[in-house]
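Trainee: Each chain, written out:
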Amino acid sequence: MRADKKNRMAPLSGSRWMVFALLLTWSTFVLAQPLPPGYELRVLTGPDSSVTREIVQTLSRRYPRMQIGSDIKTLAARRGPAVYVTIGPSALEAALAGETDRPIVSLFTSSPVFLGLLRSAPRRRAPVTAIYAEVSPTDQMKLIAQLYRRRVTVAVLLSDATAYLEPMLRQAAQSEDVDVHVERVASDDNVIRTLARVPSSAVLLAVPDSRIYNAANFRTILESTYRRGQAVVGFSTTLVSAGTLAAAYSSIDDTIAQLDSVLDAIAAGHPPEPQFPRYWRVAINDNVARSLNVVIEDTVRNLGHRPPTRSQ
Amino acid sequence: MKLRAWQEWGIATRLVAIAVLPALMMFIVVSVALYLAAQDEVRTDVQERGRLLAAALVESSRYGVVSGNVSYLDRTLKGLLTVDKSITAIEVLDARRQPVIVAGESAEQPPDLEVFERPIQVEVLDVDVFDSAARGPHVSQPTDPRIRLRAGETAGYVRVAMSPAPLLEAKRERYYLAVAMVLFATLFSGVAGLYLVQWLRRP
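Note that the protein sequences, when read in sequence, are chains A and B.
Position 166, counted from 1, in the first sequence is what my numbering calls 166; the numbers after and before it change by one each time, with no gaps.
Position 46, counted from 1, in the second sequence is what my numbering calls 1046; the numbers after and before it change by one each time, with no gaps.
So here's chain A without its partners, still in its complex pose (with noise of 0.2 Å):
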């Protein structure tokens, strides 16, 4: 046993050293997605943060030979075929002002702030496709069927920024078998008063729509909920942490691994439309369930599609 231990914890002699730098350079390049032959992939990004450093670290991994910088310029004087990926809001905005004919691939940006930019954008000669930041009303509604498993009523506030989501939120209601309530708040509209007018209903299901839900009032909708004790489901972690029932979230890898299919479609020469995550996972919180009385089942946490596992 202990020789066993002592074995293993062996150092590597020279050659196993070199055994184990081509191994793992192997499989970088094994694991490393191709690019659409003859394109380079040229990563936009925003404002430095750590968020975006975590990004463009998991795409290097996904896409070693990428281009990366902060300016659309720079990247625009390159030469070739390219496929502009830009992350967060403010570099789709500098993609989209910059008048590229190459194709753009939204990541991170979530569906009302990407449709916004692309209406007010400057006539476009490229295909502009995204994978938007929030998880699909489908599987929203999925997660809410599942938490609840009986006939619920699920309100959500639209604006005039989110109103495209009403006929995928019916769609979503029926096939889940639950019943849906649409508010429409006005722009002049107080949000508050608006959700006390909604009956009660037993989920508020939020969607980013900055109308409706921003900073300065997110603490009195949760507080507002809570009192006529209705759950709310969000669409991060972070409105999970603060204070909602559960959310349906996509992560960054989850992301990332759906871009593979965008690339492979506009090297096909056909861009795919702007679609939501593909891959989600469920986050719940407990102190929140349990203060609403609903129990949450293994299989609600367990809920998504997660990508698959890639072969090595």
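Heads up, some of the hints might be wrong.
Unchecked claim - Here are the simulated distance ranges between beta carbons:
#  : chain 1 : residue 1 : chain 2 : residue 2 : range
1  : A       : Asp48     : B       : Asn1069   : 39 to 45 Å
2  : A       : Asp179    : B       : Arg1097   : 40 to 46 Å
3  : A       : Tyr226    : B       : Glu1105   : 32 to 38 Å
4  : A       : Ala163    : B       : Lys1085   : 53 to 59 Å
5  : A       : Arg119    : B       : Tyr1072   : 40 to 46 Å
6  : B       : Glu1105   : A       : Glu54     : 57 to 63 Å
7  : B       : Asn1069   : A       : Arg123    : 44 to 50 Å
8  : A       : Asp179    : B       : Thr1154   : 37 to 43 Å
9  : A       : Arg228    : B       : Arg1097   : 26 to 32 Å
10 : A       : Tyr226    : B       : Asp1126   : 16 to 22 Å
Hints in this document: simulated from the structure, not taken from any laboratory.
Backbone N, C-alpha and C define an ideal beta-carbon position, used for all residues, glycine too.
Given the structure of chain A, go ahead and fit chain B onto it with the hints provided.
Mentor: The following block gives chain B in isolation, referenced to the frame of chain A:
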């Protein structure tokens, strides 16, 4: 003249005076001190309670002011007025200082009232709600999920008016009791002086 009168006093009178006068002085000084201390205590007490109450009401009225749902607040304020007689009025005002709810008499009136006011500041949860103002990447699972609170705009004001009269009333009984005890000590000193005089006169 007065000094001469003192020199003409007999030994008995002098002994009584020695026993009674310091006690009488003590009675006067202690009574005045007790009165001033009671006044000061009431004033301090009113200020501490007023500040504490205003601070507590800021917390409990924040939701009502922001949401416009003040029915629960009305009950709370009226309950407070019933329990504590020294609170004469509580006003919750909006950001433009318009009354949202008023319990009791208006805090503007009598001059002996002490008024305590505190702003109702909205506490903002520093969360990423995927808005365009954030500019950073919208990430559903950030590495640091800690939530911080920061002070937001002023949503309104809480104003508490307190009167020291009920507290002074409560203190008055205790003051009278203390004065009575000091007076008793003074009388006891006089009686003791007279007894000593009788004792000195014995052959």
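Trainee: Between tyrosine 226 of chain A and glutamate 1105 of chain B, is the Cβ distance one that fits in 32 to 38 Å?
Mentor: Distance hint for tyrosine 226 of chain A, glutamate 1105 of chain B holds at roughly 35 Å.
Trainee: The hint says 57 to 63 Å between glutamate 1105 of chain B and glutamate 54 of chain A; measuring C-beta to C-beta, is that right?
Mentor: Since the Cβ atoms of glutamate 1105 of chain B and glutamate 54 of chain A sit about 60 Å apart, the hinted range of 57 to 63 Å holds.
Trainee: Do the Cβ positions of aspartate 48 of chain A and asparagine 1069 of chain B conform to the proposed distance bound of 39 to 45 Å?
Mentor: Check passed, 43 Å falls within 39 to 45 Å.
Trainee: Should the hint that tyrosine 226 of chain A and aspartate 1126 of chain B are 16 to 22 Å apart at their CB atoms be regarded as holding?
Mentor: holds, 19 Å
Trainee: Please test the hint of 40 to 46 Å on the beta carbon pair from aspartate 179 of chain A and arginine 1097 of chain B.
Mentor: For arginine 1097 of chain B against aspartate 179 of chain A, whose Cβ atoms are near 43 Å apart, the range 40 to 46 Å holds.
Trainee: For the hint 26 to 32 Å, verify it against the beta carbon of arginine 228 of chain A and that of arginine 1097 of chain B.
Mentor: Distance hint for arginine 228 of chain A, arginine 1097 of chain B holds at roughly 30 Å.
Trainee: So does alanine 163 of chain A sit 53 to 59 Å from lysine 1085 of chain B, Cβ to Cβ?
Mentor: About 56 Å separates the Cβ atoms of alanine 163 of chain A and lysine 1085 of chain B, which means 53 to 59 Å holds.
Trainee: Given the range 44 to 50 Å, decide if the beta-carbon distance of asparagine 1069 of chain B to arginine 123 of chain A lies inside it.
Mentor: holds, 48 Å
Trainee: With 40 to 46 Å as the target window, see if arginine 119 of chain A and tyrosine 1072 of chain B comply at their CB atoms.
Mentor: holds, 43 Å
Trainee: A range of 37 to 43 Å was offered for this pair. Does it hold for the Cβ distance of aspartate 179 of chain A and threonine 1154 of chain B?
Mentor: holds, 40 Å
Checked against the numbered hints given earlier, this structure breaks none of them.
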